[in-house]
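J.: Sequence order for the protein chains is A and B. Residue 1 is where the first sequence starts when you use the numbering used here, and the numbers rise one by one after that. Residue 297 is where the second sequence starts when you use the numbering used here, and the numbers rise one by one after that.
There may be inaccurate statements among the hints.
[What the hints assert, rightly or not] Computed list of lysine to aspartate or glutamate pairs in DMTMM-like fashion (alpha-carbon distance at most 25 Å, straight line):
1. 573/B to 373/B
2. 111/A to 46/A
3. 325/B to 137/A
4. 20/A to 373/B
5. 362/B to 137/A
[Unchecked claim] Okay, the calculated bits of chain A under chain B, using three or more residues with CB under 8 Å as the criterion:
6. 80-90
7. 172-180
8. 187-201
Just so you know, these hints were derived from the structure itself, not from any lab. The C-beta atom is built at its ideal place from N, Cα and C for all residues, glycine as well.
Each chain, letter by letter, is given below.
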Amino acid sequence: MDNKLINNSKSDKFILFLNKIMLGLIVLIVTVPLLYVLLGSFLQPDVLLTKGISFNPSHWTIDGYVRIFQDGTIMRGFLNSILYATGFTLVSVIFTIMAGYSLSVDGLVGKKALMLYFIITMFFNGGMVPTYLLVRELGMLNTPWAIILPGAITVWNIILARTYFRGLPKGLIEAAMIDGASDARIFLSIILPLSKPIIFVLALYSFIGQWNAYFDAMIYLEDRSLYPLQLILRDILIQNEVQPGMIGDQMARAELQRLAEMIKYSAIVIASLPLMIMYPFFQKYFEKGVMVGSLK
Amino acid sequence: MATSKSDTLYGNTPPVKKKKSGALAYIRKNYILYLFLLPAIVLVFIFNYVPMYGVTIAFKDFSPIKGVWESEWVGFEHFRNFLESPNFQQIFMNTIKLSAFDLLLGFPVPIILALMLNQLRKARVKKNIQLIIYAPHFISVVVIAGMIFIFLSPAGPLNTILGLVFDQPISFMSEPGYFRTIFIASGIWQGAGFASIIYVAALSNVDPQLHDAATMDGATLLQRIRHIDLQALKPTMTVLFILAVGGIMAIGFEKAYLLQTSMNIPASEIIDTYVYKRGLQAADWSFGAAMGLFNSIISLVLLVIVNFIVKKVNGETLY
């Protein structure tokens, strides 16, 4: 980036300076709420309420975290979420990649009709009630299948995969065909090894999407032992419920209230930290995913 | 497979069968490709097409005992009930207002962000800022709603700051007047950074020589942004805008439901939250299905209209 040639005028320089200040402000607006929750989770609740964030070590505590781990509800939700997100990702990615590959093959007979079959679902769907009734009819209520199967195939992801496969060098596939390789063989030994980026992108999107979802679980699951993490969080954060295992002994109402507040902060941190820590390593894949999609 | 066996082993099949039409021969030869498609086709059929048939209960009096097929037809009764119900106007307007304001206020922010980021000369600084402003995108909607309740509670940090000016704490979450602002502002806080990715990438494709040439001709920075950068973003903006309008009736309903309190219902009840409450929670199946159908038809019509208008205006189109 050599911009010495460009002779910025005074007003341009002022605008560039202003731009930097504004971006700095934006970074603050994004980070301050996150840091507030992170620091708040280590503060005694009454200190946080009366004095705000304090850096006095005598005000610090890890009581919120201890109580969460004692109770076990959140940990069980954590495990359930891992199970659902993994299952969902496997089903979704495997079937999406397979379908996307077939639809990317030149001269596939019936391609137009098949694409139409998938694309219609982008513009029209039965809606919440008919889908619920179907899931109930299939006997999947209150089972992990209700979370894993209904949303596993999305047209958008199939198009994403198809676009990626279309971008692969045609020569490789043709050479293999001339050598007499079957479709299955071409897919397994030529296409798949070249598809790591798209597989990774799809897997990340599916996993995170499922990890952060609560609505399907709220509709389809009744048994609390099946609840994923987000549904447990909803009880704690939105419904203000305190899990019995988090309170050791009899407490005054006011004390209980303060405790509930503190647990909220710790619960947010526990639920969000894994993704916050991992996502910088995956950042380039997210960008790649957006880019492949934008090619149409 | 069975037919090919009989062809070769016994040779007693009539010769006509060998001269299959090109399509059938292709399918037979490449059956693996169709096998690959099968799981996706089946899942989409079950979970997308069967509910489309199930939506006929919107025109029936669905009873779980009779099933979808056997339940009695009632025509447009449920639609009429919905349209004539006293809270229809409020719920409908809430949906339109929430999504329209969300679109109008939220749509430009990622574009402006991308234009701002594009002016940064140091690649490392730019990368780090991007890393930070993308982060909220990965926070779940439940946690976002939880944070909103914490920050805006009468004893929360925002009221502590406002306490310097006002005497009384404001109960944001129980005041309908604040609902839309909270919903939209938190949406921008969470999503604008990540949504800017696509615009940042489009800007990186702009030929720097264009800027050099314009500068030589005496164009100011703002002029160059307007005539070069913004022009480069136009195709992306168009496609995303059409898609956003198509999704207008389905906007952020999971968050709206979480942010609902018994006090802010007059502003926070939108069609989809009402579908959930009436259709599933109250088991008023047919009524819920009718409302849902009403909602998706409006989305479809909006999508077609906007696509038509945009096509007329600047030749770009979605399909």
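J.: When you check the alpha-carbon spacing of residue 362/B and residue 137/A, does it fall within 25 Å?
T.: At roughly 12 Å apart (the allowed maximum being 25 Å), residue 137/A and residue 362/B satisfy the hint.
J.: For the pair supplied as a hint, residue 573/B and residue 373/B, confirm whether the alpha-carbon distance does not exceed 25 Å.
T.: 19 Å, holds
J.: For the region 172-180 of chain A, does the count of residues with a C-beta closer than 8 Å to a C-beta of chain B reach 3?
T.: Answer violated; 0 residues pass the 8 Å Cβ test.
J.: According to a criterion of three or more residues whose C-beta lies within less than 8 Å of a C-beta of chain B, is the region 187-201 of chain A covered?
T.: violated (count 1)
J.: With the threshold set at 25 Å, check whether the alpha-carbon distance from residue 111/A to residue 46/A stays at or below it.
T.: 64 Å, violated
J.: Is the coverage entry for the region 80-90 of chain A by chain B consistent with the three-residue Cβ rule at 8 Å?
T.: violated (count 0)
J.: Against the 25 Å threshold, does the CA-CA distance of residue 325/B and residue 137/A hold or violate the hint?
T.: This hinted pair is violated, its Cα atoms lying about 38 Å apart.
J.: Does the structure keep residue 20/A and residue 373/B at a Cα separation of 25 Å or less?
T.: Measuring from Cα to Cα gives roughly 59 Å; hence the hint is violated.
The structure fails hints 2, 3, 4, 6, 7, 8 (numbered hints given earlier, in ascending order).
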